[in-house]
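Here are the chains, one letter per residue:
Protein chains: 2
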Amino acid sequence: MFLTKLKEFNKFDIILASNSPRRKELLESLKINFRIIPSDFDESSLDPVKFSTVNEYVLENSKQKGLTVMNKLNSENQKPDLIISCDTVISAKIEQEIPEDLKNNPVFLQIGDRFVMGKPKTKENSFKMLSFLSGKQHNVISGVTLLFPKFSSDENCITFSNSTSVFFKNLSTESINAYIDTSEPIDKAGGYAIQGLGVCLIEKIDGSWSNVVGFPLSEFCEKVSEKFEEIEKKK
Amino acid sequence: MFLTKLKEFNKFDIILASNSPRRKELLESLKINFRIIPSDFDESSLDPVKFSTVNEYVLENSKQKGLTVMNKLNSENQKPDLIISCDTVISAKIEQEIPEDLKNNPVFLQIGDRFVMGKPKTKENSFKMLSFLSGKQHNVISGVTLLFPKFSSDENCITFSNSTSVFFKNLSTESINAYIDTSEPIDKAGGYAIQGLGVCLIEKIDGSWSNVVGFPLSEFCEKVSEKFEEIEKKK
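Sequence order for the protein chains is A and B. Numbered per the numbering used here, the first sequence spans residues 16 to 250. Numbered per the numbering used here, the second sequence spans residues 16 to 250.
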């Protein structure tokens, strides 16, 4: 288990390939040392039509983010022990015909029978997202990629996904507007932040809280320690 | 809803009757102003035998904590708008005969058919708690009291409780000991902190995360705004 390997783990050179202050804070709660090298992978280059599930989409996105950083470091002759990358999206089932105003809206991607909601940049899109989520259950899905650049290409990559159910309260137009007035929705996936005032919108969650914030800590601990056990056995 | 009342709310004199840095941090995430006046109510003066459910116990404990602060302020002619007090415990079903070493252990209170676990002060008790919780579901139960000292005694008090299910992974003795070595379990209800390394012990939660940390934010927002709506109507 991760906890039994904390000391060894802290000798490793670990990279978090993300600019998100929330992911940084979550990873810090594990009391491990790491450096931050944000990925410059262009997420919009992924065509959502090519994916049949949201899982596939976030896994591919996280993988590309990590590979971009690994290749960059490789070109500088750097081989860290671990590169962590992650993509988190809000996904909700499309139960009725898609309203006209959402059809060609780039922050409402359609993958299979689900919407994948990105980060609204405007008050208008924040309102659309929160109205869509009101009174419903949705899923927060993260894809995580762990790259181990010191290993050969057939064993240097782990990917996994994690999903948390979030149940929203029924929100009045007045409440949604009051929330938008706090500016919190802007640039947050799905237009809310569970770690901030967004907590008022939520009835309950089922699964991992850190996954809703942006990185599934408990699953990360499990996967990474399984890998290190495997490595130790081979020694 | 709370969000529509944020501005008015910030004109109030609000007291958090707790010394817990975690409760302070949670309440701060709502971006409201408040002062801290810890309660000096002696929790050990409550006799667990007198309560038939854990809910009754945490509600009474939170109420006494709040009343102690209200009476103290009253004696100084202070009447704040709101005093918030809370008691959070870990509660797990007792499924078999109670082991001898837990029978007279003051951090394992028995209420009805459940254990209520307090805060371990020793490594030994931390180990006992974590071993008991391993591989099982337990509940984190908070009792919250909201006192409104400016109102008459028949309408100056709201109490409510909140429960979150927490599912623990199967923990090896080695992992429990590694966790204890981090010193995190000491003085945490149930011997773990979900907001720290304790996240590695947890499979998933069902309910409110902030409640597991020590204060149910979303329910608080609801109850307090209901009360303020009631007050407004009477004006």
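Warning: the hint list may mix true and false statements.
Which copy is meant is left open, because identical chains are indistinguishable; a pair holds if it fits in one copy or across any two.
Unchecked claim - Within a straight-line C-alpha distance of at most 27 angstroms, the following computed DSS-like cross-link-like pairs (lysine-lysine) qualify:
#1 Lys242 to Lys151
#2 Lys26 to Lys108
#3 Lys87 to Lys39
#4 Lys20 to Lys108
#5 Lys250 to Lys108
Bear in mind the hints are in silico, worked out from the structure with no lab data behind them.
Status of the hints after comparison with the structure:
no. : hint             : verdict
1   : Lys242 to Lys151 : between (37 angstroms within a copy, 26 angstroms between copies)
2   : Lys26 to Lys108  : neither (43 angstroms within a copy, 41 angstroms between copies)
3   : Lys87 to Lys39   : within (21 angstroms within a copy, 42 angstroms between copies)
4   : Lys20 to Lys108  : neither (40 angstroms within a copy, 32 angstroms between copies)
5   : Lys250 to Lys108 : neither (47 angstroms within a copy, 44 angstroms between copies)
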